[in-house]
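Q: Protein chains in written order, with the working numbering: chain L, 2 to 578; chain S, 2 to 578.
Check before you lean on any hint, since a few could be wrong.
It does not matter which identical chain is used: a pair holds within one copy or between any two.
[Stated by the list, open to error] Think about it this way: if two alpha-carbon atoms lie no more than 25 Å apart in a straight line, the pair counts; the simulated BS3-like pairs of lysine-lysine are:
1) Lys114 / Lys145
2) Lys147 / Lys114
3) Lys229 / Lys144
4) Lys229 / Lys294
5) Lys465 / Lys153
6) Lys369 / Lys111
7) Lys369 / Lys311
8) Lys274 / Lys111
9) Lys266 / Lys111
10) Lys369 / Lys266
11) Lys408 / Lys225
12) Lys229 / Lys147
13) Lys543 / Lys225
14) Lys274 / Lys114
15) Lys553 / Lys109
To be clear, the hints were calculated from the coordinates, so they are not data collected in a lab.
Protein chains: 2
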Amino acid sequence: MKFLRVNMDDLSINTEAVSKEYYGLGGRGLTSIMINQDVPASCDALGAENKLIFAPGYLSGTTLVNSSRLSIGAKSPLTGGIKESNVGGTVAADIASLGITAVIIEGKIKDDKFYILRIDQNGQAELLDAAAYTGLNTYDLVKKLKADFGDKNSVTCIGTAGEMKLKTASIQTSDFDGRPCRAAGRGGLGAVMGSKGIKALVVSRGGKSADEPVDNNTFNKAAKAYAKAVKADEFSGEILPELGTAVLVDPINAAGGLPSYNATKGQFENADKINGDALASRIKKRGGKTTHKGCAQCIINCSNEYVDEKGRYVTSSLEYETIWAMGPMLGNDDLDVIATLDFLCDNIGIDTMSTGASLAIAMDAGYKEFGDGAAAIEMVRGIGAGTEFGKILGNGPAAVGRHFNHKRVPVVKGQSIAAYDPRAIQGMAVTYATSPMGGDHTAGWVVDQNLADFGGTLDPLSDKGQVDASRDAQLHMAAVDTVGICDFAQSGLAAEGGMENVFSMVSSKSGKAFGEKEWAALGSRILKAELDFNKKAGFTNKDDRLPEMFYKEPLPPHNTVVVVSDEQMDSTFDFEE
Amino acid sequence: MKFLRVNMDDLSINTEAVSKEYYGLGGRGLTSIMINQDVPASCDALGAENKLIFAPGYLSGTTLVNSSRLSIGAKSPLTGGIKESNVGGTVAADIASLGITAVIIEGKIKDDKFYILRIDQNGQAELLDAAAYTGLNTYDLVKKLKADFGDKNSVTCIGTAGEMKLKTASIQTSDFDGRPCRAAGRGGLGAVMGSKGIKALVVSRGGKSADEPVDNNTFNKAAKAYAKAVKADEFSGEILPELGTAVLVDPINAAGGLPSYNATKGQFENADKINGDALASRIKKRGGKTTHKGCAQCIINCSNEYVDEKGRYVTSSLEYETIWAMGPMLGNDDLDVIATLDFLCDNIGIDTMSTGASLAIAMDAGYKEFGDGAAAIEMVRGIGAGTEFGKILGNGPAAVGRHFNHKRVPVVKGQSIAAYDPRAIQGMAVTYATSPMGGDHTAGWVVDQNLADFGGTLDPLSDKGQVDASRDAQLHMAAVDTVGICDFAQSGLAAEGGMENVFSMVSSKSGKAFGEKEWAALGSRILKAELDFNKKAGFTNKDDRLPEMFYKEPLPPHNTVVVVSDEQMDSTFDFEE
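Whole structure, please, built from the sequences with the hints as guidance.
A: Below is the structure:
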């Protein structure tokens, strides 16, 4: 248990013991509580006072499956509020295996130089001049870093978008095959990393000094039971390995909640060209991989490897949210175009969802035609090339809306919504509006409770029960993001005895009692810290609103608007006292 | 006394009697009180709910000299607050001479078409299809309008910047020679005009139905006395006719208050190349005009006509604020470049001050070198051409700052400051910070009270007395902008018995008693309305602050920062109860 503290003011690196208040925390719990405590809420997100924190989940680096989740926290340059963006790959397991609880980057470089933060197999860290790596996109960067440092390293890096400090820049991590295709995409944390002058973290995969659970036997027993439940579940054990998250295209489209043509329609007429079946059959036909291991210790393998007609690698992994953002949102039904855009975003180091929304707004404003895939590719290449218009796109949907004086901008707190239209799935209206993260789906994904296809019992077009559902989901997810269990492995939590398995792992790791009460308290503590930060940063309940389009423009085919009232939105965090 | 109300929703035009609450008002008093009353403060400035009001001063169209001042009011797309921008030329006298108290444009065109609002010599108005004029810059536009409607018209128009709804777009009016070189530059009102679909007002210069003063004799006597005082004053009677407002370059530079190189220096090393003497001698040598009548009924003739080496017209009138914005602010000492930039801005229809600040920020951020005049011209041409980068520049300094992640952005409420650095002239810090108009110099020009050269008795580097000076000036100016007396003819007010002359003109026009008490009440009533609007629009005292650069970056040569405290700023409008 140690913090690695890197100060870019003087390029110093210090190792320090984890202070007591952070015991039992990892992931989002650690980053959010520390950001709230140590970062002045009114600071410049790209200035010296902001901190960029990399924290593996509390269960990362243990024997538990699907636990290599890295939370990255900072004040967001995109939303102006607190941000935790989490990402898979291998790095979380690796950092945890070195006995490092969190890597904290603070201060600001004096010049515009970039550095590599190298952490070797003994957990020793050093800052190395990154002149030879500066200006590289992520795929070339990883190739060069592996050539110079060896294959047995995880890379966590920024592309040129992060170097340019674009407000939707992502932080990319290398996947199980060593490709920088896993993204901490939301909130522009790549820009924060760029402002700190860190081009990449190169972390040895050879760590052996992980924090051992206090009671190893009990831990391993619970971890095994958890893995068994994930395997036994139909969704995580069969559907996701076969079709990946693209399986969501059909039910969300059927529900009229797939935002298309910059969220002016809720159904995409060519959804069958981009759905799970279409994706899987194309990949298979071309000799790519539909079942693919993207993250360390993953037993679901929901990832895929998309290849071109000649079987050459295009991108990995093509996921539902990106398919939406680069597909229906742009009126584009060409999977090859979607895959190319996904690769370009990973390579430039920019969020696919925000970028899709940026392009959609530009198209909606008349800059290019909807459905023009070549134009979309050209626009994204412009982001990477750093053209002035590319910078506008890279600064996100709100910047594009301002640029074109275009009012249909589907963002909350400056961040784009995801692939669920809140007019057709009202529960997501609450999550988008109230999450301290801004427009975000993972913060409280209540689609399952809204749609009968998923066993949901709420009416997706009604406000009834939506606030409670979103609140519970948000509290729950804050805890899930803290222990570091992959969202898609939540089947293990939902299984009979699943929560008890997690409680057992946490308590046997920490040596302290942990149960339902502590789980609830953990979620509440984290959300309170995040809300507190945002309040200090100047947010009011007026920021917990959707843009006007969702209240005023009925969405076909249901022709409904968001009906959750302002009062209901404001009651979401009534647990706050 | 009538209002001309033009509704762009249905293209209807109605004439209505002026309601009692607006009796005795004109100019800023009328626009601000009406905007505050009739425009929802939270509305989209470019939407149907905003209103664009053209109101001649209360004394416009009378026998008083230097009174052709037109106030244009609306919610500003640049600041998000209330805006009155006033302008000279001939139009205010012409509108008033038609017996029109104000022209009110409301609603929003359904398509993207543009119209000409034509007002003939009988005060009859009609909307004409402007397809043949759309896309024209102001000089070509005026030429074509005069060809089509005759020379005897005043034109009030937008260029392409206004059509594109750029947030620093100006509204240009034709001068005494019929050139569109007079600008209501501040606050992006050209974008509001563009959003209303009005390309130009074409107002007959043949109006004869002006509101007659109730007591003509008394009025004319006071007006004559006023004119005499303006002529007798050394500044307005001799210096301004000879050197124009460029005469300010030397004393402001000497005071260390000429913001140079994006306000990183308070003195410009080559000020002698761009000062009043340099300008006048160059114009004379080339056969241009140093003494030039720009506005109807002007007896000062501070305008000039700048010509090139071959004696060909370049621009009119080259004024101090533009010389600053396109000169020292950009590190540029070439008067030809400054004149070309001034012409381009007038022609495109964009504010020279904001544009200078936009260019300066881009240069400061490393986009181009300071002093590169060709680059500056290319950038401004890009605004007119509607390139994507041009749009960023045209959306103003704050947009440029966001685009480049550049923090040194000298704006208040989104609007650039003017040619007086608040670190060297602390009184201007108060006016910039607290004026409801955003960063603005005319709202409360207390340079004279700060600099001994102008007879000032305040210490320009001290906070002492600055709040009182700015408050008094702001209240006074609100009344001056209401009666419609040219700022440079204020010598008439300052002369012995000058205020009484104005009181006499107002009371003999209205037939109601008007004196010092009413003058003070007028200023207070207007500022209260403006502050009320801004409060409803969401402004708080946090918006009454200068950007951090002025508090944190000492300005050479005095190496001082702004010392007026937040508490002092907040006490500026303590008259408000």
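Q: State for each hint whether it applies.
A: Evaluated hints:
1. Lys114 / Lys145: within (18 Å within a copy, 55 Å between copies)
2. Lys147 / Lys114: within (21 Å within a copy, 58 Å between copies)
3. Lys229 / Lys144: neither (36 Å within a copy, 82 Å between copies)
4. Lys229 / Lys294: Only inside one copy: Lys229 and Lys294 sit 17 Å apart there, 90 Å across copies, limit 25 Å.
5. Lys465 / Lys153: neither (51 Å within a copy, 66 Å between copies)
6. Lys369 / Lys111: between (40 Å within a copy, 22 Å between copies)
7. Lys369 / Lys311: neither (30 Å within a copy, 45 Å between copies)
8. Lys274 / Lys111: Neither: 50 Å inside a chain and 36 Å across chains, both beyond 25 Å.
9. Lys266 / Lys111: between (48 Å within a copy, 22 Å between copies)
10. Lys369 / Lys266: within (18 Å within a copy, 43 Å between copies)
11. Lys408 / Lys225: Neither. Shortest intra-copy (51 Å) and inter-copy (53 Å) distances fail the 25 Å Cα cut-off.
12. Lys229 / Lys147: Cα proximity of Lys229 and Lys147: none, with 35 Å in one copy and 84 Å across.
13. Lys543 / Lys225: neither (46 Å within a copy, 56 Å between copies)
14. Lys274 / Lys114: neither (45 Å within a copy, 39 Å between copies)
15. Lys553 / Lys109: between (44 Å within a copy, 18 Å between copies)
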